[in-house]
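Trainee: With the sequences and hints as input, model every part of the structure.
Final position of the sequence shown in UniProt numbering is 769; the numbers increase by one with none missing.
Just so you know, the hints here were simulated from the structure itself, not pulled from any lab data. No residue lacks a Cβ here, since even glycine has one placed at the ideal position from N, Cα and C. Check before you lean on any hint, since a few could be wrong.
Stated by the list, open to error - Derived pair list, reagent style DSS-like, types lysine-lysine, alpha-carbon separation capped at 30 Å: (1) Lys-312 <-> Lys-647; (2) Lys-110 <-> Lys-239; (3) Lys-121 <-> Lys-766; (4) Lys-384 <-> Lys-446; (5) Lys-415 <-> Lys-140; (6) Lys-110 <-> Lys-128; (7) Lys-140 <-> Lys-446; (8) Lys-363 <-> Lys-170; (9) Lys-280 <-> Lys-239; (10) Lys-447 <-> Lys-338; (11) Lys-392 <-> Lys-363; (12) Lys-338 <-> Lys-384; (13) Lys-446 <-> Lys-213; (14) Lys-242 <-> Lys-447.
As the list claims (entries may be wrong) - Pairwise CB distance ranges (calculated): (15) Thr-768 <-> Lys-447: 47 to 55 Å; (16) Glu-103 <-> Pro-388: 57 to 65 Å; (17) Asp-276 <-> Asn-143: 26 to 34 Å; (18) Gly-220 <-> Ala-262: 33 to 41 Å.
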Amino acid sequence: MLASRIAVLHSGRLLLSRQHAATAVTRASQLSSVFRRTIKFGRIAMPEAATAAADCTEGHKVPQYPEARRDDSVADEFHGVKIADPYRWLEDPDSEETREYVERQNEISKPFLDTCPEWKKLNEKLRKRWNYPKYSCPFKHGNKYFFFMNTGLQNQDVLYVQDSLKGEPKVFLDPNTLSTDGTIALVGSRFSDDGQLYAYGLSQSGSDWTKLKIRNVETGEDFPETIEHTKFVTASWTKDNKGFFYARYPVVDGKADGSETAANENQKLYYHRVGDSQDKDVLIAEFPEEPSWRLMPEVSDCGKYLMLFIMKGCKDMLLYFSNLEQAGGLSGKLDFVKVVTEFDSDYDYVTNEGSIFSFRTNKGAPNYRIVNIDFNEPSLENWKTLVPEHPKNVLDWTTCVNKDRIVLGYIDDVKSLLQVHSLADGSFVSKFPLEIGTVVGFSGKKKYSEIFYHFVSFLTPGIIYHYDFAADSTATVEPTIFREVKIEDFDNSQYTVEQIFYHSKDGEKVPMFIVQRKQKEKEHKPCLLYGYGGFNICVQPSFSITGLVFIDSFDGILAYPNIRGGGEYGERWHNSGRLLKKQNVFDDFQYAAQYLVEHGYTRHEKIAIQGGSNGGLLVGACINQRPDLFGAAIAQVGVMDMLRFHKFTIGRAWVSDYGDLNEKDHFENLLRYSPLHNVRRPTSEKEQYPATLVLTADHDDRVSPLHSLKFVAALHHAINGCEHQRNPLLLRVYSKAGHGMGKPTAKKIEESTDILTFMYKTLGLKLTF
Numbered sequence: 001m002l003a004s005r006i007a008v009l010h011s012g013r014l015l016l017s018r019q020h021a022a023t024a025v026t027r028a029s030q031l032s033s034v035f036r037r038t039i040k041f042g043r044i045a046m047p048e049a050a051t052a053a054a055d056c057t058e059g060h061k062v063p064q065y066p067e068a069r070r071d072d073s074v075a076d077e078f079h080g081v082k083i084a085d086p087y088r089w090l091e092d093p094d095s096e097e098t099r100e101y102v103e104r105q106n107e108i109s110k111p112f113l114d115t116c117p118e119w120k121k122l123n124e125k126l127r128k129r130w131n132y133p134k135y136s137c138p139f140k141h142g143n144k145y146f147f148f149m150n151t152g153l154q155n156q157d158v159l160y161v162q163d164s165l166k167g168e169p170k171v172f173l174d175p176n177t178l179s180t181d182g183t184i185a186l187v188g189s190r191f192s193d194d195g196q197l198y199a200y201g202l203s204q205s206g207s208d209w210t211k212l213k214i215r216n217v218e219t220g221e222d223f224p225e226t227i228e229h230t231k232f233v234t235a236s237w238t239k240d241n242k243g244f245f246y247a248r249y250p251v252v253d254g255k256a257d258g259s260e261t262a263a264n265e266n267q268k269l270y271y272h273r274v275g276d277s278q279d280k281d282v283l284i285a286e287f288p289e290e291p292s293w294r295l296m297p298e299v300s301d302c303g304k305y306l307m308l309f310i311m312k313g314c315k316d317m318l319l320y321f322s323n324l325e326q327a328g329g330l331s332g333k334l335d336f337v338k339v340v341t342e343f344d345s346d347y348d349y350v351t352n353e354g355s356i357f358s359f360r361t362n363k364g365a366p367n368y369r370i371v372n373i374d375f376n377e378p379s380l381e382n383w384k385t386l387v388p389e390h391p392k393n394v395l396d397w398t399t400c401v402n403k404d405r406i407v408l409g410y411i412d413d414v415k416s417l418l419q420v421h422s423l424a425d426g427s428f429v430s431k432f433p434l435e436i437g438t439v440v441g442f443s444g445k446k447k448y449s450e451i452f453y454h455f456v457s458f459l460t461p462g463i464i465y466h467y468d469f470a471a472d473s474t475a476t477v478e479p480t481i482f483r484e485v486k487i488e489d490f491d492n493s494q495y496t497v498e499q500i501f502y503h504s505k506d507g508e509k510v511p512m513f514i515v516q517r518k519q520k521e522k523e524h525k526p527c528l529l530y531g532y533g534g535f536n537i538c539v540q541p542s543f544s545i546t547g548l549v550f551i552d553s554f555d556g557i558l559a560y561p562n563i564r565g566g567g568e569y570g571e572r573w574h575n576s577g578r579l580l581k582k583q584n585v586f587d588d589f590q591y592a593a594q595y596l597v598e599h600g601y602t603r604h605e606k607i608a609i610q611g612g613s614n615g616g617l618l619v620g621a622c623i624n625q626r627p628d629l630f631g632a633a634i635a636q637v638g639v640m641d642m643l644r645f646h647k648f649t650i651g652r653a654w655v656s657d658y659g660d661l662n663e664k665d666h667f668e669n670l671l672r673y674s675p676l677h678n679v680r681r682p683t684s685e686k687e688q689y690p691a692t693l694v695l696t697a698d699h700d701d702r703v704s705p706l707h708s709l710k711f712v713a714a715l716h717h718a719i720n721g722c723e724h725q726r727n728p729l730l731l732r733v734y735s736k737a738g739h740g741m742g743k744p745t746a747k748k749i750e751e752s753t754d755i756l757t758f759m760y761k762t763l764g765l766k767l768t769f
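Mentor: Rendered as structure tokens:
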């Protein structure tokens with residue numbers, strides 16, 4: 001999909017080391033993709049902790065870590081095997097003991113990171129580099145154009161409106177005015193079909209919980225009602241513009257602000273009429289026998305049908321539909337026709353012509369194809385292929401524009417391709433010229449002839465292209481540059497990007513991008529190695545301020561291996577890195593480090609590895625398995641307890657990638673690599689853990705902070721008194737922050753500064769400015 005996947009439902013692709021410009025994606029099919037992929041002590045007095053931590057890299061002094069109380073009586077039994085869980089008490093975020101443990105950890109990690117002069121220097125450089133305007137694609141609704149813009153250091157992007165592309169932009173909605181610290185973010189928004197109403201979601205402190213409001217586009221005023229108890233939701237408007245379908249969770253006992261750990265269950269589908277209070281919303285569908293199902297409504301382009309996509313994991317879905325014209329009004333539950341009844345494939349709505357619906361799917365096509373399904377005769381044997389599967393390239397997203405054209409976004413060896421096909425017969429029409437990079441934003445609708453797409457690369461901060469199908473009837477596609485971002489004092493000709501392919505442990509060929517300053521010969525430079533490897537997510541080239549500051553500040557190298565488990569090569573690549581094949585992900589990452597050393601780019605002691613969410617799991621597993629390969633590790637909001645991940649918030653959805661603990665082979669596999677359960681005491685200096693920084697946040701209700709807390713408690717217990725462990729192992733817990741969605745710019749810069757400072761101190765780097 002597009003870069004808007006950064007707000008994902010699964011473990012969450014959180015690239016805190018990479019900065020993405022705001023994107024605007026207006027297609028319903030893409031919104032369903034976003035939803036799918038968007039779903040992870042002892043009380044001791046330590047007055048000397050800050051001093052000990054602040055200089056703990058001098059001579060590799062080890063700080064005195066808080067001692068977490070162990071309760072060895074707590075254990076779970078899996079398939080006849082008892083597994084101790086001595087830090088179960090850390091799963092309660094509200095207990096005084098947990099809060100004190102977090103406070104004690106921050107008393108060590110915070111001064112270690114931000115009291116040295118280099119923190120201020122790096123922070124200043126990041127702020128200066130970050131301070132450039134960022135734009136989304138314009139997107140048209142009704143007779144107006146909208147776009148997001150950030151002047152540079154604003155905490156949240158601002159939504160602007162203009163009457164024409166050359167008209168004067170006016171502020172339509174500024175989230176920065178909703179909180180003093182920028183911790184209220186705009187998420188999950190949707191315009192009505194006529195463009196006169198705007199349903200928008202607000203998230204606070206990084207939580208996935210959102211509150212929906214409705215704004216009158218002409219007046220700029222909000223309607224009085226607030227829709228609550230929603231998560232991972234976008235409104236799907238009926239074509240009469242009177243209301244929208246949405247899914248919400250029931251009200252439960254206890255808090256629901258993002259700091260809780262309770263599992264999210266029993267989502268129901270409702271219809272809301274504009275102007276009514278939420279208690280008048282009409283219940284449209286519920287499935288009490290399936291509490292883990294998640295519901296995604298989508299009204300067809302013609303307005304006649306309501307599609308209901310149903311998921312329980314992070315891949316594969318069911319597809320139902322209801323004929324709204326035959327429903328006799330939206331006064332109660334609707335009758336649904338079941339089109340797809342098995343969780344075995346993905347489906348994204350493209351458009352429909354009457355009863356003929358087009359979907360992007362991997363049903364019988366690991367690289368995805370477009371099929372036509374007649375809702376009058378929806379059985380599988382009647383499906384017809386509109387655009388066949390490409391033998392190599394992955395069909396990542398599709399959008400119908402200009403009535404009869406489909407824009408197809410492909411991934412070709414991790415790079416974006418854009419093609420245009422006919423809706424009538426699926427035939428190829430033309431393609432858009434693209435350099436090596438990524439389309440991170442796209443806007444276009446079936447009823448409009450104009451499209452915009454947003455291109456970035458490792459060295460291109462952003463170019464937005466415009467094309468009008470109505471103005472060009474030839475096969476030659478010549479888009480114009482609508483807007484190009486320029487950054488003062490940034491000369492991309494001073495850098496080089498190469499894509500190499502290396503062999504993993506089992507011989508699989510894995511691509512990797514390497515970014516650095518131009519040089520005559522390869523040198524052993526500091527290297528930041530970033531990985532994700534999961535949930536069918538493709539890590540494509542994108543512009544990273546933090547990455548460039550790493551290169552410029554330390555004469556460093558950035559390396560991005562496209563390890564298995566991602567979507568770089570379709571379902572084959574994904575399936576070869578999930579469930580019982582998850583170890584391939586860790587092997588791919590470790591062999592990337594070995595390649596960089598063997599080919600003279602760096603040395604093991606100069607490699608810092610980084611990953612967030614599922615990538616945090618990657619980092620945790622790799623420092624357990626091969627600590628000798630890395631000099632430092634940064635694990636952000638990681639999934640660390642692989643035996644209990646399914647019990648918290650949306651964690652049950654990750655079973656599709658990690659496995660079902662009720663199955664013995666899955667349990668045994670998870671136990672083999674679970675970061676929490678494979679912590680060990682170093683028996684030699686070579687086996688010591690690399691300097692490790694574990695980052696989490698108090699309002700992360702995607703991957704609860706309990707994962708990080710328990711992992712660090714186990715690490716500190718294992719190394720207590722160990723003469724071989726000289727590298728620091730730190731935990732930093734941020735407040736009023738979550739998994740990454742809607743994080744204010746100030747907090748992004750703070751975290752990036754912490755990460756760069758940590759690498760500076762622990763790898764013994766030198767500043768080059």
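Trainee: Any hints this thing doesn't respect? Which numbers, in order?
Mentor: 2, 8
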